[in-house]
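Read top to bottom, the protein sequences are chains A and B.
Using the working numbering, you'd call the opening residue of the first sequence number 1 and step up by one each time.
Using the working numbering, you'd call the opening residue of the second sequence number 1 and step up by one each time.
You can take every hint at face value.
Result set (BS3-like, lysine-lysine): computed pairs, CA atoms no more than 27 Å apart in a straight line:
{"id": "1", "chain 1": "A", "residue 1": "615", "chain 2": "A", "residue 2": "726"}
{"id": "2", "chain 1": "B", "residue 1": "2", "chain 2": "A", "residue 2": "2"}
{"id": "3", "chain 1": "A", "residue 1": "50", "chain 2": "B", "residue 2": "62"}
{"id": "4", "chain 1": "A", "residue 1": "774", "chain 2": "B", "residue 2": "62"}
Which bits of chain B does chain A cover? Going by a derived footprint, with three or more residues having C-beta under 8 Å, they are:
{"id": "5", "segment": "70-84"}
{"id": "6", "segment": "104-111"}
Ranges of calculated distance between the beta carbons of each label pair, as one might list FRET restraints:
{"id": "7", "chain 1": "A", "residue 1": "1", "chain 2": "B", "residue 2": "86", "range": "40 to 46 Å"}
{"id": "8", "chain 1": "B", "residue 1": "40", "chain 2": "A", "residue 2": "51", "range": "44 to 50 Å"}
{"id": "9", "chain 1": "A", "residue 1": "168", "chain 2": "B", "residue 2": "40", "range": "43 to 49 Å"}
{"id": "10", "chain 1": "A", "residue 1": "636", "chain 2": "B", "residue 2": "62", "range": "56 to 62 Å"}
{"id": "11", "chain 1": "B", "residue 1": "113", "chain 2": "A", "residue 2": "716", "range": "47 to 53 Å"}
{"id": "12", "chain 1": "B", "residue 1": "36", "chain 2": "A", "residue 2": "31", "range": "31 to 37 Å"}
{"id": "13", "chain 1": "A", "residue 1": "276", "chain 2": "B", "residue 2": "62", "range": "40 to 46 Å"}
{"id": "14", "chain 1": "A", "residue 1": "724", "chain 2": "B", "residue 2": "62", "range": "30 to 36 Å"}
{"id": "15", "chain 1": "A", "residue 1": "805", "chain 2": "B", "residue 2": "62", "range": "28 to 34 Å"}
{"id": "16", "chain 1": "A", "residue 1": "716", "chain 2": "B", "residue 2": "86", "range": "26 to 32 Å"}
{"id": "17", "chain 1": "B", "residue 1": "86", "chain 2": "A", "residue 2": "25", "range": "23 to 29 Å"}
Simulated from the structure, these hints should not be mistaken for laboratory data.
Note that this is a predicted model, so its numbers are computed, not measured.
C-beta: ideal position from N, C-alpha, C; glycine also.
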Amino acid sequence: MKIFKFALAFAITLALTIALNTRLVINSNPVPPLGKFFNPFGGFWTNSEKDPINAPEELRLTGLTDEVTVQFDEYLIPHIFAKNDADLLYAQGYVTAFHRLWQMDFTLYSTAGRISELLGEGAIEYDRGKRRTGMTYGARRTYDLAQENPEYLTLMQAYTDGVNAYINSLNYADYPIEYKLLDYKPEPWSVYKIMLLNKEMSEQLSRSEADLQNTNALKLFGREAFDLLYPEYPPAQAFDPVIPIGTVFDFEPLTVSKPSGPYPSDYVNPTTEMPDPDNGSNNYAVGVQKTGNGSLLANEPDLGLNLPSIWYAQHLNSPGINVFGVTVPGVPGVVIGHNDSIAWGMTNAKCDLADWFKIEFKDDKRDEYRYDNKWLKTEKVVEEIKVRGGDSVYDTLIFTHYGPVVYDRSFKGNEDRINLALRWTAHDPSEEYKTLFLMNKAQNYDDFESALVHWTGPPQNFAFANTKGDVALNIPGKFPVKWPEQGKFILDGSKSSHDWQKYMPEEHELSVYNPPRGFISSANQHPVDTTYGYYTYDYNFEHYRGRRVNDRLKILNSITPEDMMKLQHDNFNFKAFESLPMMLDSLDSASMTNQRMEVYTMMKEWDYFNHPELKAPSFYEIWWGKLYELVWDEFWEQEVALNPPNSYNTIHILKNYPNHDFIDDKRTEVREEAHHLFRKSFDQALDSLNNWSDANPEKDYEWFEFKNTRIVHLMRLPVFSVDNVKIGGNRGIVNAASGRHGPSWRMVVQLNDEGVKAWGVYPGSQNGNPGNIKYAHMIDDWASGNYYEMLFSNAPIEGDQILLTQTLKP
Amino acid sequence: MKVIIKMILIAALTYFGLMYFPWWILVVIAFLVSAVIPGNDFGAFLSGFLGVGILWMAIAWKIDIESGSVMSSKIANMFPVGGDTTMLVIIGGVVGGLAGGFGSLSGNLFRKIWMKKKQKGLYH
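Turn these sequences into a full structure, and let the hints guide you.
This is the structure we're talking about:
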């Protein structure tokens with residue numbers, strides 16, 4: 001009896017202990033292991049940080065060769081002073097992990113297609129997509145190539161060692177809160193992981209291709225309609241490319257000849273996960289003729305707005321290097337910033353570098369595929385996707401010489417109708433890390449250019465400014481030479497004439513140095529006009545921000561840093577400026593009553609600025625949305641993947657082809673013209689506005705409330721996210737803050753004979769811990785246009801600005 | 001009285017144990033204390049439950065106050081407690097308390113298997 005009683009109690013105790021030590025899923029809500037999680041000695045309680053920073057003043061770290069001083073300033077930006085480059089990067093890795101370990105680890109899982117390991121079966125399709133588009137394939141090849149560069153490898157290894165030194169110093173109580181919520185452990189960092197994160201930048205920035213959608217649209221609508229819906233260039237009055245019109249190109253471009261048809265014509269649906277089409281940025285730099293003394297450079301990358309932030313600011317100093325700027329957690333070096341002599345910034349140089357090739361397999365075994373008169377061998381790789389709380393899933397990837405066959409019978413319900421291989425420059429081994437290391441040390445334009453030689457992708461508009469007042473912009477990358485429309489549609493993988501044949505020589509790459517207008521700028525618009533000689537195509541060029549930036553810079557003189565900041569916050573809605581008058585003209589104001597008249601008057605009086613507290617931008621946005629829906633009714637119910645035309649071209653068509661067949665709403669019996677749609681959408685917009693007001697009784701429809709810019713934690717947890725940030729702007733506006741997207745880092749640098757000074761701010765905080773008192777503290781300043789002057793010196797300093805000076809010892 | 005002594009002992013040993021070991025060490029501690037110090041079953045459970053529960057609540061409450069609920073206020077919105085951080089303190093106390101209580105009870109019953117005769121003598 002006594003034994004039985006003991007056995008029973010013991011069994012209960014054991015079961016209870018195990019249950020409290022296990023992550024459970026109750027009603028599909030994951031619950032962290034309660035015993036671990038509530039333990040006040042190690043659970044979530046220990047992530048409470050009432051002080052901005054709490055770390056020892058002295059640390060011993062194996063792997064360092066000499067003493068390193070780290071100073072955290074009032075914004076928690078680390079200023080790292082080392083005696084050699086390896087120690088500098090070791091410390092960079094250590095400090096980055098100290099503030100952002102979980103973020104870098106989680107981003108890595110997501111890039112590598114390993115999210116199912118953390119979240120379970122719901123993420124399997126996402127992971128398969130990542131594996132199939134070849135993220136790990138590109139990273140592995142890049143890693144292999146890096147073995148030939150021992151001096152760079154040493155530096156990346158030093159960074160890795162620094163991260164791992166931090167990880168090894170942790171026990172459960174010190175883990176970032178997200179590890180405790182998801183119940184897993186940090187994994188050691190590695191050089192290979194650095195390569196993967198480099199490739200993730202390409203994934204975010206160089207996959208705006210629309211080959212499949214274009215092919216579908218061409219087949220569905222025919223050539224004439226296709227060219228109307230998706231013109232390659234806007235009309236001259238709206239064309240303001242990155243490289244100023246009139247630039248002379250004195251070289252003979254390489255050419256490839258266009259093969260005669262036929263070209264593949266297949267319907268494909270659906271498509272893989274694509275990066276946000278709004279991923280883009282603004283940068284501009286003004287030279288001495290515009291400032292009177294030295295130059296100014298501004299840059300803000302517009303990306304997904306997340307917490308922890310995509311960027312982490314750092315100042316790195318060792319003999320021969322003194323650089324400040326933002327870094328990508330997990331990747332060594334500074335990505336965007338300045339040193340003692342130069343400043344640089346990046347925006348995405350849109351260019352279609354991902355092409356789809358239709359593959360013809362010899363038979364069901366898929367061991368061989370046709371290439372002209374030969375059968376080439378495929379290579380098969382079985383990918384294991386580990387799944388939390390379940391069995392591993394295996395996916396067979398088939399590689400051709402183009403790259404992985406992403407679409408085949410086993411992916412995206414495609415049932416063997418079509419096999420498509422992806423040829424993408426990001427699959428190629430590359431050495432972008434060399435660019436960053438060299439750029440961080442560059443002293444002049446020559447150094448800048450030699451750093452860019454190593455840049456493969458994603459292609460960027462690199463803006464340059466120096467203390468002498470020079471400005472420049474270069475667009476480096478690896479660019480296949482294409483025949484017109486090559487890669488705009490699906491290509492035939494069985495013909496070598498459809499293959500990429502040669503690459504543009506480096507000396508033909510685009511650049512502009514001290515142009516007559518006195519400034520350079522870029523905002524993801526067309527790179528250049530057709531006099532260039534090379535075919536430059538992208539599906540998704542920007543049509544508004546670039547024109548606004550240039551319009552402003554043309555008229556501004558004696559430009560100050562404040563002018564540059566003001567321009568970053570410019571809320572002018574170019575799209576509304578070009579469409580609203582036409583929309584309003586169609587309305588019959590004589591017969592309007594109450595609310596109609598009120599709204600009509602408000603819109604009439606609006607000056608097209610998307611300021612946060614105005615209501616007109618909200619109504620414009622609703623109205624535009626309704627109009628767009630009515631115009632492109634042909635697109636919403638198609639079975640195949642299609643992209644409706646962009647806003648710019650929609651307005652262009654409404655203005656110039658008001659009676660076109662596309663304007664007619666096919667769902668109605670009558671035939672509509674543009675003015676019918678303006679009126680109809682106005683009515684619908686009023687209804688929609690009233691519905692919104694009913695659903696949000698406590699809110700007026702002020703633009704920021706309506707738009708709801710929010711900075712969302714990577715785990716999508718509302719409590720770790722910030723909602724309803726009071727900021728104006730929108731997509732297509734220089735101040736590009738839309739709902740989940742916008743300026744992820746704002747930087748203005750002044751360079752003149754007195755030296756270099758920078759201001760910066762981003763929507764987040766250096767410390768990634770949601771339990772830190774300073775979590776997300778910069779968001780309000782970011783939104784309202786306040787910048788922080790950045791501390792930048794050549795040696796450690798003393799004073800109130802320093803919260804903590806830390807000595808790292810070997 | 002014995003219950004109070006055991007309770008304090010369990011709390012004190014747990015306090016030091018948790019500085020170096022995972023949370024479940026408290027189950028082992030509670031088990032061992034009751035396996036060594038005699039007592040009845042209910043008293044054993046109570047000493048484990050209160051020893052750990054009060055300790056956990058005290059520490060959590062201290063962090064909650066000192067940190068101005070900087071983290072707990074967020075966590076309190078993830079659990080169905082309506083954002084009340086005191087409820088988190090109490091939930092933690094119950095979770096730790098149950099683990100400590102059952103550990104302690106098991107220890108007591110374990111001792112009884114071996115101490116059969118002696119104990120009978122004591123109580124009859």
